[in-house]
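These protein sequences, in sequence, are chains U and V.
The opening residue of the first sequence carries number 1 in the working numbering; numbering runs sequentially from there.
The opening residue of the second sequence carries number 1 in the working numbering; numbering runs sequentially from there.
Be aware that one or more of the hints could be misleading.
In the PhoX-like style, the derived pairs of lysine-lysine whose C-alpha atoms are separated by at most 20 Å in a straight line are [stated by the list, open to error]:
id, chain 1, residue 1, chain 2, residue 2
1, V, Lys70, V, Lys105
2, V, Lys2, V, Lys70
3, V, Lys2, V, Lys42
4, V, Lys42, U, Lys9
5, U, Lys57, V, Lys2
6, V, Lys2, V, Lys105
Calculated Cβ distances over 10 Å to all of chain U for the following chain V residues [claimed, not checked]:
id, residue
7, Ser12
8, Asn27
9, Tyr49
10, Ser53
11, Asn55
12, Lys56
13, Tyr71
14, Ser73
15, Phe75
16, Ser79
17, Ser82
18, Thr102
19, Ile110
20, Pro113
Hints listed in this document are in silico derivations from the structure and should not be mistaken for laboratory results.
From the three backbone atoms N, C-alpha and C, an ideal C-beta is built for every residue, glycine too.
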Amino acid sequence: DSGVTQTPKHLITATGQRVTLRCSPRSGDLSVYWYQQSLDQGLQFLIQYYNGEERAKGNILERFSAQQFPDLHSELNLSSLELGDSALYFCASSVDWRLAATDTQYFGPGTRLTVL
Amino acid sequence: QKEVEQDPGPLSVPEGAIVSLNCTYSNSAFQYFMWYRQYSRKGPELLMYTYSSGNKEDGRFTAQVDKSSKYISLFIRDSQPSDSATYLCAMSTLGGGADGLTFGKGTHLIIQP
Numbered sequence: 001d002s003g004v005t006q007t008p009k010h011l012i013t014a015t016g017q018r019v020t021l022r023c024s025p026r027s028g029d030l031s032v033y034w035y036q037q038s039l040d041q042g043l044q045f046l047i048q049y050y051n052g053e054e055r056a057k058g059n060i061l062e063r064f065s066a067q068q069f070p071d072l073h074s075e076l077n078l079s080s081l082e083l084g085d086s087a088l089y090f091c092a093s094s095v096d097w098r099l100a101a102t103d104t105q106y107f108g109p110g111t112r113l114t115v116l
Numbered sequence: 001q002k003e004v005e006q007d008p009g010p011l012s013v014p015e016g017a018i019v020s021l022n023c024t025y026s027n028s029a030f031q032y033f034m035w036y037r038q039y040s041r042k043g044p045e046l047l048m049y050t051y052s053s054g055n056k057e058d059g060r061f062t063a064q065v066d067k068s069s070k071y072i073s074l075f076i077r078d079s080q081p082s083d084s085a086t087y088l089c090a091m092s093t094l095g096g097g098a099d100g101l102t103f104g105k106g107t108h109l110i111i112q113p
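Between the sequences and the hints, there should be enough to build the whole structure, so can you do that?
Here it is in structure tokens:
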């Protein structure tokens, strides 16, 4: 158990809908990352937050957004869902990116999203 | 050409064998290299973390980085059925937590009892 928690475990919804995925980082971790894992693309970085602020962006679609709250938990919002958004969504956390060589990312168990 | 290439397998070996898993990459700016293990329907679990070129050993696992060849390896000695999983290599230019990691697509490893 990495200490990163994600809810819900599974989510089934329809095209065009909007969903929110939630992540709680390990105690003391300031950074949160979101990744999408699909069979064809593999594990892809979406976005990073550090202490409430957006720090880095990857291949995140405009229909997707995220935020990190003062208690450091994070939410990933996915809107106007398409069939191709069906995937595993992982959250990861790390202590502090400024630690550079020693800072590492620990992954949560993921949320499986199915868009019908 | 993808930034990180990894043979998807499956790679099937008998219990007790030495396993070699590899990744190649094209971005010479990568300096931090990681190996994650992912069991079916679970999140990736960090196994090894190395900086720049060289070797690092942890129990039955050895990670090697050859930056001149843009090639990294993970060796598993005395492989066990519990090692059966997908192994993902990951890389970063600025540090393990500086931004998002770039992953290979993973190698599915099967250890036969």
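Hints and how they fare:
no. : hint               : result
1   : V:Lys70 - V:Lys105 : holds, 17 Å
2   : V:Lys2 - V:Lys70   : holds, 13 Å
3   : V:Lys2 - V:Lys42   : violated, 25 Å
4   : V:Lys42 - U:Lys9   : holds, 11 Å
5   : U:Lys57 - V:Lys2   : holds, 19 Å
6   : V:Lys2 - V:Lys105  : holds, 10 Å
7   : Ser12              : holds, 20 Å
8   : Asn27              : holds, 14 Å
9   : Tyr49              : violated, 5 Å
10  : Ser53              : holds, 14 Å
11  : Asn55              : holds, 17 Å
12  : Lys56              : holds, 13 Å
13  : Tyr71              : holds, 19 Å
14  : Ser73              : holds, 19 Å
15  : Phe75              : holds, 20 Å
16  : Ser79              : holds, 23 Å
17  : Ser82              : holds, 17 Å
18  : Thr102             : violated, 7 Å
19  : Ile110             : holds, 18 Å
20  : Pro113             : holds, 26 Å
Going through the hint list in order, the structure does not satisfy hints 3, 9, 18.
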